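Please work from the sequences and hints to get the whole structure.
So the protein lines, in turn, are chains A and B. At position 51 of the first sequence the residue is numbered 59 (the working numbering), and the sequence of numbers has no breaks. At position 13 of the second sequence the residue is numbered 107 (the working numbering), and the sequence of numbers has no breaks.
The set of hints was computed from the structure by calculation and includes no laboratory data. Model, not experiment: these values are computed from the prediction. Note that beta-carbon positions come from the ideal geometry of N, C-alpha and C, so glycine has one too. One or more hints might be untrue.
Quick partial rundown of chain B residues pointing at chain A, CB under 10 angstroms, derived from the structure [as the list claims (entries may be wrong)]:
id	residue
1	Ala238
2	Asn241
3	Ala243
4	Ser251
5	His253
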Amino acid sequence: MDRILPQPTPETRHFWEGCKEGELRLQRCAACAKSYFPPRPFCPGCGSREVEVYPASGRASLYSYVINHRPRPDMGAEPHSIAVVTLEEGPRMMTNITGCPQTPEALQLDMPLEVTFLKASDEISLPLFQPAKG
Amino acid sequence: MASGIKDKVAVIGMGCSKFGERWDAGPDELMVEAYLEAMADAGIEPTQLDAAWFSTHVDEFGTGKGGTPLSIALRLPNIAVTRVENFCASGSEAFRGAVYAVAAGAADIALAVGVEKLKDTGYGGLPVANAGTLSPQVAPNGSAPGNFAQLASAYRSKHGVSREDLKRAIAHVSVKSHANGAKNRKAHLQKPVTEEQVLNAPMIAEPLGLFDCCGVSDGAAAAIVTTPEIARSLGKHDLVMVKALQLSVSNGYESQFNAWDGSYFHTARIAAKKAYREAGVEDPRRQISMMEVHDCFSITELVTMEDLFISAEGQGWRDVLDGFYDADGGVPCQIDGGLKCFGHPIGASGLRMLYEMYLQLQGRAGERQLADPVLGMTHNLGGSPASNVCSVAIVGREGA
Ligand SMILES: [Zn+2]
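In structure tokens:
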């Protein structure tokens with residue numbers, strides 16, 4: 009089964025275009041300065057439509073995770089992590105941690121992470137995170 | 095100010111099909127099975143029904159959209175049929191529609207039926223969806239067990255519970271439900287299991303093993319509601335009354351802000367508070383006689399004990415291990431086996447929960463009968479911890 013992929017919409021296109029180009033893009037509210045995710049055309053904090061898109065640092069820390077031993081049918085057969093990471097800019101994001109063993113020993117809470125992109129199709133690259141190098 | 099639903103509507107008939115892998119029956123026959131039991135129970139004719147509410151979640155699998163599947167299956171006398179869908183809480187929505195119609199005076203007698211026919215897909219879980227508000231952004235990486243397992247990580251971290259203690263507590267949740275389900279001839283799974291079996295089962299999403307996850311089932315359930323006056327005119331007495339009906343729906347707070355810690359259900363706490371106020375319940379741990387909650391995963395049931403304010407925050411796992419929610423405990427939970435064992439035909443589950451409360455309140459629960467229950471509560475959840483709909487209903491005796 010092919011991996012189920014998101015479909016960009018007018019509100020989310022900038023995010024997926026960014027991922028395709030290897031850049032994690034967040035939005036920030038001009039009125040209250042809050043950074044937010046997931047993408048939407050107005051600020052979830054104050055409702056303002058004065059929002060801008062900007063490139064995030066790609067740095068994050070591991071907030072929480074589980075190891076899924078019986079993955080969803082489109083996610084392969086090997087146990088994998090489902091993680092919540094806190095981006096350096098503040099928002100949290102659900103993702104997978106890659107580039108390290110999928111074990112509690114390798115996945116330590118608060119560990120520093122960096123974004124990496126999995127090219128899943130011509131249109132979609134999924135933002136995943138790996139242990140920060142250096 | 096709204097006066098609430100308390101004591102305005104009586105349940106006069108309920109029915110529930112056998113749940114399970116029903117290769118022998120299509121959705122039509124499942125609906126008929128539940129409906130005929132409810133109609134015989136109520137002792138009324140189809141011409142006495144004024145309106146019906148019909149719940150099904152995955153209409154793509156043979157049941158169909160709209161109101162016609164119910165009307166045609168039951169040959170209803172061309173009355174209004176409204177189809178409702180609200181994830182796994184759809185059955186509670188059908189009940190809510192029927193109850194409100196009666197309370198509003200728009201219908202004298204109303205019918206609610208929920209059905210789901212899922213086992214024909216040949217797949218154990220729910221079909222993977224990829225549409226709707228925000229889901230393509232926040233959930234391209236998860237799974238149902240994976241999303242609910244996060245509750246366990248967050249709960250352990252917040253309350254300082256060791257993996258072993260929490261694993262044993264959630265194992266007890268399932269052992270208890272299997273013990274109850276073994277006394278239910280309509281249940282999908284009727285075998286007791288031991289704590290050892292649960293602890294040693296294959297891992298699905300850490301720490302949830304096979305027995306920490308409910309499956310899905312084929313089945314249908316039905317309710318018939320009317321005013322207490324009409325119920326009495328039909329010769330009914332010792333009525334089962336609706337005391338509270340509440341629904342709370344996520345608005346993005348959990349998934350888009352960092353304030354939610356992932357260890358509880360924000361909506362369940364709101365719905366529970368409102369339901370207690372509506373029913374006039376001040377001390378739920380003492381006043382609620384029994385519960386059917388949405389135990390899609392064992393950890394869901396455990397945190398729900400706190401979200402419904404039965405257990406103190408951080409103490410639910412201790413109450414579970416103490417047997418407080420066992421059949422002979424302080425507030426018996428999942429007396430019929432719950433989603434875990436009675437089964438989970440999505441559109442029917444909310445009505446199935448009410449069915450057990452109804453039987454118990456009438457003293458008709460057979461081997462599972464509790465001593466003298468007065469108030470029964472149902473908790474029916476749809477969605478995931480970060481984005482969900484949560485329905486809480488309370489039913490009880492007249493005067494309670
Ligand atoms: Zn703002």
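A quick look at each hint next to the structure:
Because the smallest distance between the Cβ of alanine 238 of chain B and any Cβ of chain A comes to about 8 angstroms, under 10 angstroms, the interface hint for this residue holds. Because the closest C-beta pair between asparagine 241 of chain B and chain A is about 7 angstroms apart, less than 10 angstroms, the hint holds. About 4 angstroms separates the beta-carbon of alanine 243 of chain B from the nearest beta-carbon of chain A, less than 10 angstroms, and the hint is met. Because the smallest distance between the Cβ of serine 251 of chain B and any Cβ of chain A comes to about 7 angstroms, under 10 angstroms, the interface hint for this residue holds.
Violation of the interface hint for histidine 253 of chain B is found here, the shortest Cβ-Cβ separation to chain A being roughly 14 angstroms, above the 10 angstroms cut-off.
Comparing the model with each numbered hint stated earlier shows that hint 5 is the single one that does not hold.
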